[in-house]
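Starting from the given sequences, assemble the full structure and let the hints guide the process.
Going left to right, the sequence shown walks through residues 975 to 1439 as this note's numbering numbers them.
Incorrect hints may appear among the rest.
[What the hints assert, rightly or not] Pairs of lysine-lysine, DSS-like flavour, derived with a Cα cap of 25 Å:
{"#": "1", "residue 1": "Lys1122", "residue 2": "Lys1168"}
{"#": "2", "residue 1": "Lys1153", "residue 2": "Lys1096"}
{"#": "3", "residue 1": "Lys1161", "residue 2": "Lys1137"}
{"#": "4", "residue 1": "Lys1168", "residue 2": "Lys1261"}
{"#": "5", "residue 1": "Lys1133", "residue 2": "Lys1161"}
{"#": "6", "residue 1": "Lys1144", "residue 2": "Lys1133"}
{"#": "7", "residue 1": "Lys1200", "residue 2": "Lys1339"}
{"#": "8", "residue 1": "Lys1133", "residue 2": "Lys1122"}
{"#": "9", "residue 1": "Lys1101", "residue 2": "Lys1122"}
{"#": "10", "residue 1": "Lys1153", "residue 2": "Lys1435"}
{"#": "11", "residue 1": "Lys1047", "residue 2": "Lys1161"}
{"#": "12", "residue 1": "Lys1153", "residue 2": "Lys1200"}
{"#": "13", "residue 1": "Lys1161", "residue 2": "Lys1096"}
{"#": "14", "residue 1": "Lys1122", "residue 2": "Lys1047"}
{"#": "15", "residue 1": "Lys1435", "residue 2": "Lys1047"}
[Said to hold, decoys possible] Now the in silico label distances, taken between C-beta atoms and shown as ranges:
{"#": "16", "residue 1": "Pro1238", "residue 2": "Asp1337", "range": "46 to 56 Å"}
{"#": "17", "residue 1": "Asn1358", "residue 2": "Pro1269", "range": "16 to 26 Å"}
{"#": "18", "residue 1": "Leu1188", "residue 2": "Ser1076", "range": "33 to 43 Å"}
{"#": "19", "residue 1": "Leu1124", "residue 2": "Leu1188", "range": "18 to 28 Å"}
{"#": "20", "residue 1": "Gln1243", "residue 2": "Val1043", "range": "24 to 34 Å"}
{"#": "21", "residue 1": "Glu1079", "residue 2": "Thr1126", "range": "18 to 28 Å"}
Note that these hints are calculated values from the structure, not bench results.
Bear in mind the structure is a predicted one, so any value in this text is a computation, not a measurement.
Virtual Cβ for every residue (Gly too), placed ideally from N, Cα, C.
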Amino acid sequence: MTLFSRSALCVLTLLMLIGCSSEPESPSQTQSANTPAPNSEQPVVPKETAAINQVENSQSESKPTENMVVTGKVEIQGDAMTLTVGESPEEMNVIGAGMNVSLSEEGELQVGEWRSPDNSVKPELEKEYFIITMGREAPGYLLKGQFKELPTEGVATLKIEVKLEELQEKTPIVVMRPKAATDEFMKRFQGIVKFNDPKKEDWSENSAIDMARLQAQITQSRNNLKQIALAFHMYNDVHGCLPPGVIYGPDGKPWHSWRTLILPYLEMQNMYEMYDVTQPWDSEANKKLAVMIMPVYSDPLRGENPENYTHYLSAIGKDAVLNGVEFDGTKAGFEAVLNQGTRFQDISDGSSSTLLVSTVSSDQKIRWTEPRDVFTNKNIPELNSKDGFSTYTINGTERLMVALCDGSVQTFEEPILGQKFIESLVTAQGGETPEETPLATRPVTYFTITADGENSTAVLKRVWE
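Written as structure tokens, this is what we have:
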């Protein structure tokens, strides 16, 4: 989805009913395995989508968690009656949905493009129903109405008793009557209620300019990862392997980084030739390069980067995609170890399932020439730890952007970002793939209606369960 399209519950229901689809936030087309596509305009489908679908399709076998919300039951406190329903059309008991065509001064609401999830279900003319309205930019409302006549030929006409001023043309309309909503419950609900949308409220204070800037930063970060992934593949074409993740000098210390080794494949041959491979990265001869501005190694999502730190690291060590090699400190010895990296055929977990490069925060303060990455010899560091990869947050959701070994760039979100998932993503020979890692939780949206006369309320709440 786009940054604007974390749409409300009613919009999601409407889209499902009328056969529309919202613009995907993440890549939408899969690239072939082992083929880098850094210059392709067609993004790829995030693997978490398949994993989430697999989990959602097997919900009946999942065990309840402590966060699960009880739905379909009316609770009474004094004069107030409260009902919580889940996000599915079945639990909401959706009668139908469409787009607003017109609203007369007399309160006659005409809904076009009307669709019903079950054509055999006919609304009752004398019965009250809930009407949900929510556009992308307009407030969302919950009110009551009655069908003036039975829907016919894609059109439904309803009568509402309250004045609704902020209803734009083509606003999504959903009509529902939860099965647990008794006649008494409907009677106690009065007026028109503006309700929150947890998937939009985090953006309410951001201007369109801020959102556009953020989208540009996301695009640039993806492009950086694509360029880096392409450089790895070009290196492989020349050397028959990926670059060593780190080259240790004769003193046993890390001397050179893969970020230096791929410079010729980032169109930086001149800079590569300035680097003295017979000296460590932090030697006097090489220090001047370490502070040079390298936009391709700077993630715009991490904010200003005046010190020119790198934000892109790989995993190096046991079962990881990159290895470490030793050399004798000579130019000839350096040239020899360039062909001792991991081969693509050694990635037994599959190139489309194995992390090549991901991001870290500026807090790690790593110079781009410094041979420091996420090392996995002892264990795989947790996300956002001082030695691990780092997520970024948008709309309250943590995300991890990753270049995979097949050259694709994907974005993973919580709740899939558990330690087991990260371990399966980082390991190249771990015997598992990220899709096989079960999700412990998933986001579920609940709609809570309180019928209490003039104090009636409606709230959308997102819960991980």
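Hints, one by one, checked against the model:
1. Lys1122 - Lys1168: 24 Å, holds
2. Lys1153 - Lys1096: 15 Å, holds
3. Lys1161 - Lys1137: With Cα atoms ~18 Å apart, lysine 1161 and lysine 1137 stay inside 25 Å; holds.
4. Lys1168 - Lys1261: 60 Å, violated
5. Lys1133 - Lys1161: 16 Å, holds
6. Lys1144 - Lys1133: 18 Å, holds
7. Lys1200 - Lys1339: 23 Å, holds
8. Lys1133 - Lys1122: Holds - the C-alpha atoms of lysine 1122 and lysine 1133 are around 6 Å apart, at most 25 Å.
9. Lys1101 - Lys1122: With Cα atoms ~10 Å apart, lysine 1101 and lysine 1122 stay inside 25 Å; holds.
10. Lys1153 - Lys1435: Holds - the C-alpha atoms of lysine 1435 and lysine 1153 are around 20 Å apart, at most 25 Å.
11. Lys1047 - Lys1161: Since the Cα atoms of lysine 1047 and lysine 1161 sit roughly 17 Å apart, the hinted pair holds (cutoff 25 Å).
12. Lys1153 - Lys1200: 50 Å, violated
13. Lys1161 - Lys1096: 21 Å, holds
14. Lys1122 - Lys1047: Distance ~29 Å between lysine 1122 and lysine 1047 Cα, so the pair is violated.
15. Lys1435 - Lys1047: Holds, at roughly 17 Å.
16. Pro1238 - Asp1337: 46 to 56 Å: Because 30 Å falls outside the window, the suggested range is violated.
17. Asn1358 - Pro1269: 16 to 26 Å: 24 Å, holds
18. Leu1188 - Ser1076: 33 to 43 Å: 36 Å, holds
19. Leu1124 - Leu1188: 18 to 28 Å: About 46 Å separates the Cβ atoms of leucine 1124 and leucine 1188, which means 18 to 28 Å is violated.
20. Gln1243 - Val1043: 24 to 34 Å: 59 Å, violated
21. Glu1079 - Thr1126: 18 to 28 Å: 24 Å, holds
Violated hints, listed in ascending order, are 4, 12, 14, 16, 19, 20; each of the other numbered hints is respected by the structure.
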